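Chemist: Sequence:
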Amino acid sequence: MVFGLFGWMLYTSHEEASQYAIDTSQNITLMAQRDIVRNIEILSLSLDALANRYQSPTYRQLTHNQQHSYLFGGVAAAKHVVVMAVLDDVGKVVVSSLPGAPANTYGDRLYFTVHRDQPETGLYISPPITAKFDRDLQVVVLSKRLANQDGSFAGIVVMALDLTYFRELFSGVVLGEDGVMSLYSRSGVVYMRLPYSASIIGRDISTNPNFLTIKSLIQQNSGSFFARAMNDGVKRLYAFRNVPGTQLVVFVGRSEKHIFRHWTESLYTVGSLMLLFIAVCVALFHVLRNELKKRRHAEEKLQELVRIDDLTKLLNRRALDHALDDLWSRSRRSKGTFSILFIDVDYFKFYNDTYGHQKGDEVLAAVSRAISLQLPRSSDIAARYGGEEFIVVLAETNADGAIFVGEKIRSAIEALHILHSKSQIGHISVSVGAAVYDGKIHDSINAVLNAADSALYKAKGNGRNNVQISARPVDEA
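Residue numbering for the sequence shown follows the working numbering, starting at 120 and increasing by one per position.
Calculated directly from the structure, the hints in this document are not laboratory data.
Be a bit skeptical, because a hint or two may be false.
Claimed, not checked - Simulated restraints, written as ranges between beta carbons of each label pair: (1) M150 - H405: 58 to 68 Å; (2) K251 - Y139: 44 to 54 Å; (3) K468 - L407: 49 to 59 Å.
Unchecked claim - Derived PhoX-like pairs: lysine-lysine, alpha-carbon spacing no greater than 20 Å straight-line: (4) K478 - K527; (5) K376 - K354; (6) K527 - K454; (7) K559 - K454; (8) K354 - K468; (9) K478 - K559.
For clarity, every value in this text was computed on a predicted model and none was experimentally measured.
Note that beta-carbon positions come from the ideal geometry of N, C-alpha and C, so glycine has one too.
Using the sequences plus the hints, can you model the full thing?
Modeler: This is the structure:
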């Protein structure tokens with residue numbers, strides 16, 4: 120859930136950063152579009168004024184010097200306007216804003232022929248041209264048609280606009296690292312691009328794969344898209360907007376790296392916090408796991424202390440009672456069988472009186488170890504019943520098996536050769552009474568215990584140090 124929340128936060132912030140970049144880029148293109156439209160309208164009106172003055176009767180009545188001021192006064196001196204001129208119906212310069220300019224003929228230029236051949240054409244804006252004046256200048260030519268009174272073609276009025284106008288317009292925009300701003304025609308001609316490079320101005324990129332991809336997009340009024348630039352390989356968000364009344368399109372490109380810089384920093388911060396969170400969780404997990412292990416071990420130890428007789432290390436009476444109850448329930452359900460051995464250390468009271476209680480405790484510990492060693496099965500149970508009495512429970516064991524195990528235990532204890540001067544045989548021994556559960560005879564676990572206890576008294580009555588069994592079940596008799 121925590122990771123899901125972090126993921127959702129990162130996704131949301133990424134989308135917000137992307138949308139913010141789109142909105143701000145679109146606003147920049149809108150401002151640039153409006154500035155270009157406003158200036159082109161002013162320049163178009165200047166061409167209209169030049170045409171009207173050139174064709175007015177007043178112009179014909181003026182002297183040559185007066186005519187120049189009348190046609191070009193104020194307008195030709197405007198910033199970025201390099202030259203204004205009137206061309207006749209064959210393209211020859213009739214009058215120019217540049218005094219002393221040669222009367223060259225430009226009848227083969229597209230900005231001339233388009234008006235001659237297509238009378239419906241209004242303002243025409245040419246592709247970038249390198250013009251030779253006192254120095255080489257990159258310009259665009261704006262032209263409009265002149266018509267005679269009968270509507271026939273009379274020539275054109277033209278204006279050369281220095282491309283530094285667009286360069287200065289774009290240079291005031293801050294786009295961040297690897298940002299670009301450009302002006303293209305819909306056909307793929309570069310009018311201006313920042314960062315500026317004179318070599319790219321006027322280039323036709325219509326066959327560029329990136330331009331082919333976006334060609335259909337820029338038929339819309341405005342839009343945005345992500346693309347990787349061919350010239351520098353930088354992936355950018357591009358926002359574009361068409362300039363009404365022209366074939367021009369304004370582009371603003373902002374690098375993906377710059378757009379998502381703060382988001383990336385947040386990603387690293389969140390990622391670091393997540394790693395820290397994971398590390399803390401892992402550390403806490405290990406601490407808790409170790410703590411649980413310690414607690415479980417302590418509980419097991421406590422359970423063992425509760426269940427185990429401290430002296431003999433066998434089950435104590437309480438644990439034995441639980442084990443016998445479980446065994447009784449299982450045997451009743453499964454109709455299985457089991458045997459119980461009742462073991463008593465012979466003449467143990469005399470041993471204590473003769474050798475002391477400490478030695479007596481050592482004997483009980485040795486006897487319990489000997490009993491445990493004769494019970495290899497995990498299902499077998501050995502317990503201290505009380506004092507010098509022990510009980511062994513043998514699951515799924517019949518009379519023969521009970522006698523066999525009882526004899527093994529008796530022999531193992533006798534083989535310890537623990538000195539006992541008050542015993543008839545001179546060393547520690549045990550008497551063993553055995554009983555086998557029979558559902559037809561025994562109606563409780565106590566009945567089986569009593570049967571084993573009776574067999575034990577029988578063993579004692581037979582001189583001790585022997586194994587006796589209670590009456591066998593009918594099917595074993």
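Chemist: Next, verify each hint and record whether it holds.
Modeler: Taking the hints in turn, this is what the structure says about them:
1. A hinted range of 58 to 68 Å holds for the C-beta pair M150 and H405, which are about 59 Å apart.
2. Hint check: K251 to Y139, Cβ distance near 46 Å, so the stated range 44 to 54 Å holds.
3. The hinted window of 49 to 59 Å between K468 and L407 holds, with their beta carbons roughly 53 Å apart.
4. Pair hint K478 plus K527 does not hold up; C-alpha atoms about 24 Å apart against a cutoff of 20 Å.
5. Only pairs whose Cα atoms come within 20 Å are accepted, and K376 paired with K354 is accepted, the gap being roughly 8 Å.
6. Our distance criterion of 20 Å between C-alpha atoms is broken by K527 and K454, whose separation comes to about 27 Å.
7. Simply put, K559 and K454 have alpha-carbon atoms about 11 Å apart, close enough for the 20 Å limit, and the pair holds.
8. Between K354 and K468 the alpha-carbon distance is near 98 Å, which puts this suggested pair outside the 20 Å criterion.
9. A distance of roughly 44 Å separates the Cα atoms of K478 and K559; the hinted pair therefore is violated under the 20 Å criterion.
In terms of the numbered hints stated before, the structure departs from hints 4, 6, 8 and 9, listed from lowest to highest.
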